[in-house]
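Now for the letters of each chain:
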Amino acid sequence: MNLFEQVKEALYEVIDPELGINIVDLGLIYNIEVTEESDVVVNMTLTTPGCPLHDSIVGGVESAIYFIDGVNKVDVKLVWQPAWTPDHMSDKAKKMLMY
Amino acid sequence: MLTSPGLSKKTETNIKLPLSFILFGLGAFVLSQFIFFIHSDALTNGIFRLPELLMGAHFLLLGWIVMVIMGAMYQLVPVAFLTPIWSEKLGFIQLFITGFGIIIFSLLLGMNLNLAVYGAIFVIVGILLFLFQMLMTLRSQQQKNIMTLFVSTALVCFLITIVLGFILAWTIAFGATLNYTATLQSHILLGVAGWFTLLIFGFSYKMVPMFSLSHGFLMKWAKLAFIFYTLGLLGLILSFWFKLSILLPISWVILWFGFTFFALDIKEIIMKRMKRKLDRPFTFSLLAIGFGWIIHSLAAILSIFSINNQGLWSWLIFLYIICWIMFSILGYLYKIVPFLWWTYKYSSKVGKSNVPLLKDLINEKLGTVIFVLFTIGIIGLSISGLLNASYGVQLFQGLMLTTSILYGLSIVNVLRK
Numbered sequence: 001m002n003l004f005e006q007v008k009e010a011l012y013e014v015i016d017p018e019l020g021i022n023i024v025d026l027g028l029i030y031n032i033e034v035t036e037e038s039d040v041v042v043n044m045t046l047t048t049p050g051c052p053l054h055d056s057i058v059g060g061v062e063s064a065i066y067f068i069d070g071v072n073k074v075d076v077k078l079v080w081q082p083a084w085t086p087d088h089m090s091d092k093a094k095k096m097l098m099y
Numbered sequence: 100m101l102t103s104p105g106l107s108k109k110t111e112t113n114i115k116l117p118l119s120f121i122l123f124g125l126g127a128f129v130l131s132q133f134i135f136f137i138h139s140d141a142l143t144n145g146i147f148r149l150p151e152l153l154m155g156a157h158f159l160l161l162g163w164i165v166m167v168i169m170g171a172m173y174q175l176v177p178v179a180f181l182t183p184i185w186s187e188k189l190g191f192i193q194l195f196i197t198g199f200g201i202i203i204f205s206l207l208l209g210m211n212l213n214l215a216v217y218g219a220i221f222v223i224v225g226i227l228l229f230l231f232q233m234l235m236t237l238r239s240q241q242q243k244n245i246m247t248l249f250v251s252t253a254l255v256c257f258l259i260t261i262v263l264g265f266i267l268a269w270t271i272a273f274g275a276t277l278n279y280t281a282t283l284q285s286h287i288l289l290g291v292a293g294w295f296t297l298l299i300f301g302f303s304y305k306m307v308p309m310f311s312l313s314h315g316f317l318m319k320w321a322k323l324a325f326i327f328y329t330l331g332l333l334g335l336i337l338s339f340w341f342k343l344s345i346l347l348p349i350s351w352v353i354l355w356f357g358f359t360f361f362a363l364d365i366k367e368i369i370m371k372r373m374k375r376k377l378d379r380p381f382t383f384s385l386l387a388i389g390f391g392w393i394i395h396s397l398a399a400i401l402s403i404f405s406i407n408n409q410g411l412w413s414w415l416i417f418l419y420i421i422c423w424i425m426f427s428i429l430g431y432l433y434k435i436v437p438f439l440w441w442t443y444k445y446s447s448k449v450g451k452s453n454v455p456l457l458k459d460l461i462n463e464k465l466g467t468v469i470f471v472l473f474t475i476g477i478i479g480l481s482i483s484g485l486l487n488a489s490y491g492v493q494l495f496q497g498l499m500l501t502t503s504i505l506y507g508l509s510i511v512n513v514l515r516k
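Chains as they are written, first to last, in our numbering: chain P, 1 to 99; chain A, 100 to 516.
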């Protein structure tokens, strides 16, 4: 498994504690870049600006990536454009919210 | 992609600050219910201005509701307005002065009314420090929105409420001449409807979509809700001071429209939610909006038909405070306290190890029982009160006291997880 795939898999372990759904299925991760120097840049969003879990989730993303062997630097960029919509969620996440 | 630098700074507050306010509030809540229980005869007869009931009412309104709201604001303002608290140190100083003042002031109201003004001084200093803190915090908010308008106006109402409250205490102590009745009516109106209601409106526009994961709602009634509600408040104050009786029913109807516009927005938010099954405590806060709407409707009807029975209006104010304001807070606190504790204990572990979900920290089943008991208690209390049935009032106030203790324990239990 290359570093990109390892990062993506690690992000599945970051769970939104309010919804109980991981941030990848919630569609919060917009883009992952891994440089030749093994630096990782993540562009992500939250379901709403002013989410009380802001610091916890962003910190959780950084921690989850730093946990992977071989990662050099991690840069998590929180972006608000394009704004998150429910369309970003996976079918699995949508199903979980139904019950 | 656009990154907003102002939106990515750290916004969490030291949890000891909001939590201290909330724990103080829980103690005051149980104490107020105990005072009402031992003076249930006065409750039965609708003698709400009895010194002992004034003491209970101020432990409830200042000790419980105001302190919990202050604590919740120390947590919510940074995250909802995306700006850190101006000075946490000032927050702790303010906590001490306000808490001390509320205890002294409420006790003096019940034991030596003439000296209450000295306790009021501490309360006022504490609240002024809080208002200064909020002013400095909100000033640095980058993008103002409708929520800013609701919260800022609520804070202005709060300032006027405490000034009027101080004038009342001063009048009792030194007998200054002024329109005592109009001052008292304005104090109650701006305290419960201006400060509490506008604040709940403002924060609900943020919290209801967040807790229901709602999307695509328009909030098209928000501005009208604000305009109508503030106009209604203004109309009532003018009618109190200038004896303009024609303004009374008109203002109550305008207030009803304001509340209805808010309720329509919340209905739309809930209809457009992604999270189908809502948390039960949160549902209780939504139920409080229904109670609030019914109480506003009753007030408008009573006013239109010029029904001025003082006992009936006293009960309506009591129900307004309990069923709308207090029930909203009881529900939201079941979300706020687990969040505070989770942030303190588990936030740094996200992404490193398995962490519990927020709902794992609170016993939702017990919460449901507690909320049902509160509802039974208040319905029983209202019916018994209106029928002047003293045993009924005592029984149901006893239920309110027991449930408030259970509620307090269930919140404290979160801090053990």
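Don't read these hints as lab results, they were simulated from the structure. Just so you know, not all the hints are guaranteed correct.
[To be verified] Calculated lysine-lysine pairs in the DSS-like style (CA-CA distance at most 25 Å, straight line): (1) P:LYS92 <-> A:LYS458; (2) P:LYS92 <-> A:LYS374; (3) P:LYS95 <-> A:LYS319; (4) A:LYS371 <-> P:LYS94; (5) P:LYS94 <-> A:LYS366; (6) A:LYS516 <-> P:LYS8; (7) A:LYS451 <-> P:LYS77; (8) A:LYS374 <-> A:LYS115; (9) P:LYS95 <-> A:LYS366; (10) P:LYS95 <-> A:LYS464; (11) A:LYS444 <-> A:LYS516; (12) A:LYS458 <-> P:LYS94; (13) A:LYS319 <-> A:LYS374; (14) A:LYS374 <-> P:LYS95; (15) A:LYS342 <-> A:LYS374; (16) A:LYS448 <-> P:LYS77; (17) P:LYS77 <-> A:LYS243.
Note that this is a predicted model, so its numbers are computed, not measured.
A quick look at each hint next to the structure:
1. P:LYS92 <-> A:LYS458: 20 Å, holds
2. P:LYS92 <-> A:LYS374: Holds, at about 13 Å.
3. P:LYS95 <-> A:LYS319: 29 Å, violated
4. A:LYS371 <-> P:LYS94: 14 Å, holds
5. P:LYS94 <-> A:LYS366: 21 Å, holds
6. A:LYS516 <-> P:LYS8: It is violated: about 31 Å lies between the C-alpha atoms, which goes past 25 Å.
7. A:LYS451 <-> P:LYS77: Holds - the C-alpha atoms of P:LYS77 and A:LYS451 are around 20 Å apart, at most 25 Å.
8. A:LYS374 <-> A:LYS115: Violated: A:LYS374 and A:LYS115 sit about 31 Å apart, past 25 Å.
9. P:LYS95 <-> A:LYS366: 23 Å, holds
10. P:LYS95 <-> A:LYS464: 24 Å, holds
11. A:LYS444 <-> A:LYS516: 9 Å, holds
12. A:LYS458 <-> P:LYS94: Distance of about 19 Å is within 25 Å: holds.
13. A:LYS319 <-> A:LYS374: Given that 25 Å is the threshold and the Cα spacing comes to 22 Å, the pair holds.
14. A:LYS374 <-> P:LYS95: 10 Å, holds
15. A:LYS342 <-> A:LYS374: With Cα atoms ~49 Å apart, A:LYS342 and A:LYS374 exceed 25 Å; violated.
16. A:LYS448 <-> P:LYS77: With Cα atoms ~20 Å apart, A:LYS448 and P:LYS77 stay inside 25 Å; holds.
17. P:LYS77 <-> A:LYS243: Distance of about 24 Å is within 25 Å: holds.
The structure fails to meet hints 3, 6, 8 and 15 from the earlier list, while all remaining hints are met.
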